[in-house]
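Participant: Chains X and S, in that order, are what the protein sequence lines are. Position 238 of the first sequence, counted from 1, bears residue number 238 in the UniProt record's numbering, the numbering being contiguous throughout. Position 219 of the second sequence, counted from 1, bears residue number 219 in the UniProt record's numbering, the numbering being contiguous throughout.
Quick caveat, the hints were computed from the structure, so don't treat them as lab data. Among the clues, some could well be false.
To be verified - Covered stretches of chain X, going by a simulated chain S footprint (3 or more residues, C-beta under 8 Å):
{"id": "1", "region": "153 to 166"}
{"id": "2", "region": "184 to 198"}
{"id": "3", "region": "346 to 355"}
Claimed, not checked - Cβ-Cβ distance ranges computed for the label pairs, FRET-style:
{"id": "4", "chain 1": "X", "residue 1": "Glu56", "chain 2": "S", "residue 2": "Asp174", "range": "34 to 44 Å"}
{"id": "5", "chain 1": "S", "residue 1": "Glu237", "chain 2": "X", "residue 2": "Glu376", "range": "49 to 59 Å"}
{"id": "6", "chain 1": "X", "residue 1": "Ile214", "chain 2": "S", "residue 2": "Pro311", "range": "37 to 47 Å"}
{"id": "7", "chain 1": "X", "residue 1": "Thr286", "chain 2": "S", "residue 2": "Arg290", "range": "50 to 60 Å"}
{"id": "8", "chain 1": "X", "residue 1": "Arg262", "chain 2": "S", "residue 2": "Pro311", "range": "25 to 35 Å"}
{"id": "9", "chain 1": "X", "residue 1": "Arg336", "chain 2": "S", "residue 2": "Phe292", "range": "19 to 29 Å"}
{"id": "10", "chain 1": "S", "residue 1": "Asp174", "chain 2": "X", "residue 2": "Ala360", "range": "11 to 21 Å"}
{"id": "11", "chain 1": "S", "residue 1": "Asp174", "chain 2": "X", "residue 2": "Arg308", "range": "47 to 57 Å"}
{"id": "12", "chain 1": "S", "residue 1": "Arg331", "chain 2": "X", "residue 2": "Met348", "range": "55 to 65 Å"}
{"id": "13", "chain 1": "S", "residue 1": "Phe305", "chain 2": "X", "residue 2": "Thr286", "range": "52 to 62 Å"}
{"id": "14", "chain 1": "S", "residue 1": "Arg331", "chain 2": "X", "residue 2": "Asp133", "range": "24 to 34 Å"}
{"id": "15", "chain 1": "X", "residue 1": "Arg262", "chain 2": "S", "residue 2": "Phe305", "range": "36 to 46 Å"}
{"id": "16", "chain 1": "S", "residue 1": "Ile208", "chain 2": "X", "residue 2": "Arg363", "range": "19 to 29 Å"}
Claimed, not checked - Looking from chain X toward chain S, a few residues come up when the C-beta cut is under 8 Å (computed):
{"id": "17", "residue": "Pro140"}
{"id": "18", "residue": "His143"}
{"id": "19", "residue": "Pro147"}
{"id": "20", "residue": "Ala360"}
Note that beta-carbon positions come from the ideal geometry of N, C-alpha and C, so glycine has one too.
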Amino acid sequence: MTVLEQRGSRNENYWPAPPPAWRPRVDPEPLLPDAEPYRLLGTDAVSRVDSGLLTELYGHLVRGRRYNAQATALTRQGRLAVYPSSTGQEACQVAAALVLEEQDWLFPSYRDTLAAVARGLDPVQALTLLRGDWHTGYDPREHRIAPLCTPLATQLPHAVGLARAARLKGDDVVAMALVGDGGTSEGDFHEALNFAAVWQAPVVFLVQNNGFAISVPLAKQSAAPSLAHKAVGYGMPGRLVDGNDAPALHEVLTEAVERARRGGGPTLVEAITYRVEAHTNADDATRYRTDDEVEQWRGHDPIALVERELSERGLLSDAFAQQVRDGAEELAAGLRDRMNQDPVLDPMDLFAHVYAEPTAQLREQEAQLRAELAAEAEGEAGSGRGPAHETTGKERP
Amino acid sequence: MTATATEAGRKPVSMAQALNRALRDAMADDPAVHVMGEDVGELGGVFRITDGLVKEFGEERCGDTPLAEAGILGTAVGMAMYGLRPVVEMQFDAFAYPGFEQLISHVARMRNRTRGAMPLPLTIRVPYGGGIGGVEHHSDSSEAYYLATPGLQVVTPATVADAYGLLRAAIASDDPVVFLEPKRLYWSRADWSPDDPAPVAPLGRAEIRRPGSSATLITYGPSLPVCMEAAEAATAEGWDLEVLDLRSLQPFDDETVCASVRRTGRAVVVHEASGFGGPGGEIAARVTERCFHHLEAPVLRVAGFDIPYPPPMLERHHLPGVDRILDTVGRLQWEADWTEGSGD
Ligand SMILES: Cc1ncc(C[n+]2csc(CCOP(=O)(O)OP(=O)(O)O)c2C)c(N)n1
C-alpha cells in the first residue's frame, strides 16, 4: 500500500467518530470558481443584459473616468496631496456601488473614491482624506459608506461585524467590502473571510485584482490558483469575473448580494482588471511594467467594451453620447471649482473629536494652541514681532 | 478589606464574580450590549468572567468567536458602527497583540477620523499582569502600549466594588475603553455583595485608599494591595503613607494626584509594568511639572525590571514587593548622600 492509498483509507478502529460538535465537511465543489473569468460582453449571453442597465452603466463609467482625470489633474495643481486613480477599474467601482440598495453599506479602500461617488457621495467630501483637510469628510451613517480605509484590508472585518449586527437587529442590510489583490495577503483579509463564513454574515468581498500592489505583481503576492479560490477554504463560494466587463460584474455582484440578503452567507468575488495609471500620481509605473502591457489593457477598456455593445444595439446616438459627455464635464467642472476654494479649517478641531468629553489634559493643550494662535495673529497684525514660537526666552516675563 | 458583609449574613463576592455581575446587569439593561471573544460562551471564559451569560442571553449576545484577535476587534468595530455596544474579551494580555492593528488604526480613532460622527462604544477586557504563576505570554502588563494611543480610555480596578463600578462605566462610555483586569486579584474577596447598592466608579477619577501625611504611593490595579501592605508596614518606621489608587490611567486625574502630593510633599509611583517607557515615567513627570515647589524629594518609581516578563519561578524577584517599596520610601528622605545613592 502506498502512502497515498493509506491516507485515503479509514480504519474505524483507529479513528473514532467525530464528536457531534464537528460540522459535517462542506463539499468544496460548488464553491469553486470557474476556470475562466465570467464574461457577458462579446459573448452571446450579452443579449440578456437589459438596455436600460447598459446605458446606466455607461453613464457612470464615463463620469467616473472624467472624475479620475480631474482628480489627477488636481494633484498637479497641488489641490490634492495624492490621488490613487481607478482609471481602468471603473467597472468594478460602478458595479459595486450600483448593486447595493439604499440601506446597504459600502466599505471602500483609499482607491475606491469613485465607488463612493457612484453611490451618491458628494465628490468633494469623498476627497477630504486625499486633500488632507480631514480624514473622513462625511458622516458614514448618512450615506452608509464607511470611511475610506488606508491600512490594507482592515476595513473587511468591519464590514463583517456591521453586516452581522444588522442581521442580529433584524435589518435587511448587505455589506460590500472592497480590497485589492495585495490586500488579500493581509491577516485581516483572512480573519474577515473566516468570521463572515462562520457567522454566515451578509457580506460580499470584491477583490479588484489589478495585477499590482504598488510594484509587486500578483505572482509574487500569492501562489493560489486564483484569488477567488481562497473562498473555498473558508466555506464560501468564490467567483471569478472579468473586471472590465461592467454588465458581467453587475450580474455576478447582484447574485452575491441577493444570496447574502436571502441569508445565504458571504461570497468572494475576484474581478480581473488592470490599473492603467500608476499606483498614485507619486508613483513611477515604468519601473515595473512595460508600455506594451498597458497598451494591451487599453484595448480591453471597460468603457469601450460597453460602447461597442451600445452601438451594436443602436443605442449610442450622437445626441446621447454628447449628453453623457456633458454630464461628465459638468461633474468635473463642479469638482474643479469647489476644490480650488481653500478649505476652511479650524485648528481647534484637533482637540474636538478625540473623546466625547475632552480630557483635562486636552483642554490644557487646547488652551496652549489657542494662545499660540492669538500670539501669531497679533504678530501678523503688525506689531513687528514674528510668530510666538520665534520669540526668545528673554522677551518672556 | 473587612468581612462586614459576612457578618451581616451576606456573601462577599470575588472580583471575578463582580465583573460577571457587571456584565450581566449591563446586558439586562441594554440590549445593544454584546459580549464576544474566545471561549466566552459555554465555558464562560477561561477565568469564568462570562459564566452563565450565554444561558441567560443566548449565543447571539454572548458568543464564542473564531480564534483571531484582529478579527474579534475588527468585527466588533463594525458592530459598534451599527449601534451595538460590544464587550470584547482578549483571553490574556499578550494575546491581545495580534489585535493591535485594529485597536490602534481603527478603534482608537474612529470618532476622530469621522469628526465625531461615528463614536465607537466598545469595551475591550484584558486580563493582565503577573503573580499567578503563568507561563510565558500570560503575565504581561501591557498598559503602556494602550496609554501611548490617543483615543483609548484605559482603566483598571483594584477592588471588587470598583471592578463592578468601572466595568459598568466602561460599557456605558461612548468611547472605547481598554479595561485591564488584574488577574491575580480575580479571586480576592471584599465586603461588597450584590445585595448591596451597585457601586459607582466614574472613569477618570482617582481614589485615596489610605490617607497619610509623609508621602504618597501612587499606584493602580494589582499593586494596590501591595502598597496597602507596605503602608501598614511603614508605620513601624514612623512613615504615615498615603495610598492613591489611580483606577483610570486615561483620562488621568491630575487633580487628585497633585492635591495628594502637594499635601505629603513626596511621591513614589508603583506598578508592575517595566519602568523604562512605563506609565511611572509619565506620572513622575506630570507630578514634577505640577508640584515641583511642594516636593521634598524627587518622585521615585518602583516598577518591574526592564526585562521580558520572567518565568513563573522567578517572577517574585521581578514584581514590586513590600520590601522594595519600603526601601524606595526610605530613599525619599533628603540626605546629603542621596544623589550618590540614586546612582544604582
Ligand atoms: C497595512 C498596510 N501596509 C502597507 C500599506 C502601503 N500600501 C499602500 S497601497 C499598497 C499596495 C496595495 O495593493 P493592492 O491591495 O493590490 O491595491 P491597489 O493599490 O492595487 O488598489 C501598499 C503596500 C498600507 N496602506 N497598508
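Participant: With 8 Å as the cut and Cβ atoms as the points, is Ala360/X at the interface with chain S?
Facilitator: 6 Å, holds
Participant: Please verify that hint: Pro140/X, Cβ, nearest Cβ of chain S, below 8 Å or not.
Facilitator: Cβ of Pro140/X sits 5 Å from chain S, so the hint holds.
Participant: If you check the beta carbons of Asp174/S and Arg308/X, does the distance land in 47 to 57 Å?
Facilitator: Since Asp174/S and Arg308/X have Cβ atoms about 53 Å apart, the given range 47 to 57 Å holds.
Participant: Do Glu237/S and Glu376/X keep their Cβ atoms within the hinted range of 49 to 59 Å?
Facilitator: 54 Å, holds
Participant: Please count how many residues of the region 184 to 198 of chain X have a CB within 8 Å of a CB from chain S and say whether that reaches 3.
Facilitator: holds (count 7)
Participant: Measuring from beta carbon to beta carbon, are Arg331/S and Asp133/X in 24 to 34 Å?
Facilitator: Violated, since Arg331/S and Asp133/X (Cβ atoms, about 52 Å apart) do not stay within the stated range.
Participant: Given a hinted range of 37 to 47 Å, is it respected by the beta-carbon distance of Ile214/X and Pro311/S?
Facilitator: Given about 43 Å between the Cβ atoms, the range holds.
Participant: Mind checking the hinted window 11 to 21 Å against the Cβ distance between Asp174/S and Ala360/X?
Facilitator: 18 Å, holds
Participant: The hint names Pro147/X as touching chain S; please verify it with the least Cβ-Cβ distance against 8 Å.
Facilitator: 5 Å, holds
Participant: Taking the least C-beta to C-beta distance, is His143/X closer than 8 Å to chain S?
Facilitator: 11 Å, violated
Participant: Mind checking, does the region 153 to 166 of chain X have 3 or more residues with a CB under 8 Å from chain S?
Facilitator: holds (count 12)
Participant: Can you let me know if the beta-carbon spacing of Arg262/X and Pro311/S is within 25 to 35 Å?
Facilitator: 54 Å, violated
Hints 8, 9, 12, 14, 15 and 18, counting from the list given before, are not met by this structure.
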